[in-house]
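For reference, the chains in residue letters:
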Amino acid sequence: MELEGENKVKLHGMWASPFSLRVELALKVKGIPYEYIEENLKNKSPLLLKYNPVHKKVPVLIHSGRPIAESLVILEYIDDTWKNGPKLLPEDPYRRAQVRFWTSFLHQQLSESMITVVKTDGEAQESAIKDAFEKLKVVEEGMAELFPATVGSENLGLHGIVMCSILYVFEAVEDVAGVKLMDPEKNPLIFSWVKALFEISEVREIKPDHDKMVGLLQFIRNNALQAPKA
Amino acid sequence: MADVVKVFRTWSSPFALRVIWALQLKGVEYETIFEDITNKSPLLLQYNPTYKQVPVLVHNGKPILESLVILEYIEETWKENPLLPEDPYERATTRFWAKFGDDKLVPSVRGVLMTQGKEQEEGIPVVIETLKLIEEQLKGKKFFGGETIGFLDIALGWTANLMCVFEEVTGIKFLDAETFPLLSAWIENFSDVSVIKQNWPPRDKLVLKFQAAREKCLAEAATK
Numbered sequence: 001m002e003l004e005g006e007n008k009v010k011l012h013g014m015w016a017s018p019f020s021l022r023v024e025l026a027l028k029v030k031g032i033p034y035e036y037i038e039e040n041l042k043n044k045s046p047l048l049l050k051y052n053p054v055h056k057k058v059p060v061l062i063h064s065g066r067p068i069a070e071s072l073v074i075l076e077y078i079d080d081t082w083k084n085g086p087k088l089l090p091e092d093p094y095r096r097a098q099v100r101f102w103t104s105f106l107h108q109q110l111s112e113s114m115i116t117v118v119k120t121d122g123e124a125q126e127s128a129i130k131d132a133f134e135k136l137k138v139v140e141e142g143m144a145e146l147f148p149a150t151v152g153s154e155n156l157g158l159h160g161i162v163m164c165s166i167l168y169v170f171e172a173v174e175d176v177a178g179v180k181l182m183d184p185e186k187n188p189l190i191f192s193w194v195k196a197l198f199e200i201s202e203v204r205e206i207k208p209d210h211d212k213m214v215g216l217l218q219f220i221r222n223n224a225l226q227a228p229k230a
Numbered sequence: 001m002a003d004v005v006k007v008f009r010t011w012s013s014p015f016a017l018r019v020i021w022a023l024q025l026k027g028v029e030y031e032t033i034f035e036d037i038t039n040k041s042p043l044l045l046q047y048n049p050t051y052k053q054v055p056v057l058v059h060n061g062k063p064i065l066e067s068l069v070i071l072e073y074i075e076e077t078w079k080e081n082p083l084l085p086e087d088p089y090e091r092a093t094t095r096f097w098a099k100f101g102d103d104k105l106v107p108s109v110r111g112v113l114m115t116q117g118k119e120q121e122e123g124i125p126v127v128i129e130t131l132k133l134i135e136e137q138l139k140g141k142k143f144f145g146g147e148t149i150g151f152l153d154i155a156l157g158w159t160a161n162l163m164c165v166f167e168e169v170t171g172i173k174f175l176d177a178e179t180f181p182l183l184s185a186w187i188e189n190f191s192d193v194s195v196i197k198q199n200w201p202p203r204d205k206l207v208l209k210f211q212a213a214r215e216k217c218l219a220e221a222a223t224k
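Going line by line, the protein sequences match chains A and B. 87 is the number that full-length UniProt numbering gives to position 87 of the first sequence; each next residue is one higher, with no gaps. 157 is the number that full-length UniProt numbering gives to position 157 of the second sequence; each next residue is one higher, with no gaps.
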């Protein structure tokens, strides 16, 4: 079903950004047709700067000509607006609060750990790795009851989508940092979730190319390590 | 079964105030448990093992954490006096600016409150620019929520009380009425709402608290 003119959906994104990827995944899971505009973050389009003047970042969703920025705000907007298809948030307010809390934790805490692991070396990196391990443990314990026995695109949920978006980068982070952050023995639950999540076709469809991701993270790492220390 | 609502807070936490305001605006009865941050109760640690922080809302024994998550929960559970607009796009705009306040304004203010010298000087324009973006959201409106206070007023409400405290502690003026006519008017109007007025923590106690926090932070930075 093509969305014509007024109701058109466009997404300004970047192929490797977990923030952008999670919006794409949500749109695919909901079956919402959209036009995708790849942004070069070193040379942002005038449209992007016009639609997100505050942060000048991707992702930005444009619906009926109106822009929405901030990935988690966009995901809630998508759920609020398109009532057909899988719901990203459950009905029950308490479950919703749990999903929002853990989504926020994944978004802020886990993402930050991973970026630090990529951008540091020596003691700083060791500390970041330890931090990432601890956070994974927290996620495993805290999110256990949020994951259904069988997960598919219809019950992926906001937290599942955000988790996938981070996992897209995860393996490449491990390669670049040279350390296994996720261990089937240390994190059996997460390991089983990852396996189940990557069996979902929409999730696989959006996954960025691993080698390309490693290349980008290596580039980011090299830049960070060469930069003069503040 | 009657609703049992408890709020874990400290006397000064601006994030906990958000929860108090929302509950009172909706006429929800609740019990307050005041926490001593230096000596957290076993109950708090049990309810919030992840962050070990206030506020925590406990509704019929179930804990909800993170003030903005709690606000959404309160909105969805008690339908009186809706705090969020109905239209999805307006809701998204509200959530965007609430997040902006927490992600940008809070750290930028902390960046001036807890520093000195050149670092502090460089932090001041960041606060001003951030406040200017927020000022724009008030164009043509009495409150961020329109005619009555809403979600975003509650999320940004800490500024109405604490910015002048921070100004006193640092000796720096952030919110002058000439540069920020709309925010200045909003601060007066917001502070005048009875639910808000009756819950402000004592100003002199806040000044002392933040003065001590600033000194501690500067001392720690000096030893690095």
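Be aware that a few hints might be false.
Claimed, not checked - To spell it out: a stretch of chain A is covered by chain B in this simulated footprint if at least three of its residues, at any positions, have a beta carbon under 8 Å from a beta carbon of chain B; those stretches are:
#1 60 to 71
#2 77 to 88
#3 101 to 109
Since the hints were made in silico from the structure, they are not lab data. Ideal Cβ positions, reconstructed from N, Cα and C, are used throughout, including at glycine.
Consistency of the hints with the structure:
no. : hint       : verdict
1   : 60 to 71   : holds (count 5)
2   : 77 to 88   : holds (count 3)
3   : 101 to 109 : holds (count 3)
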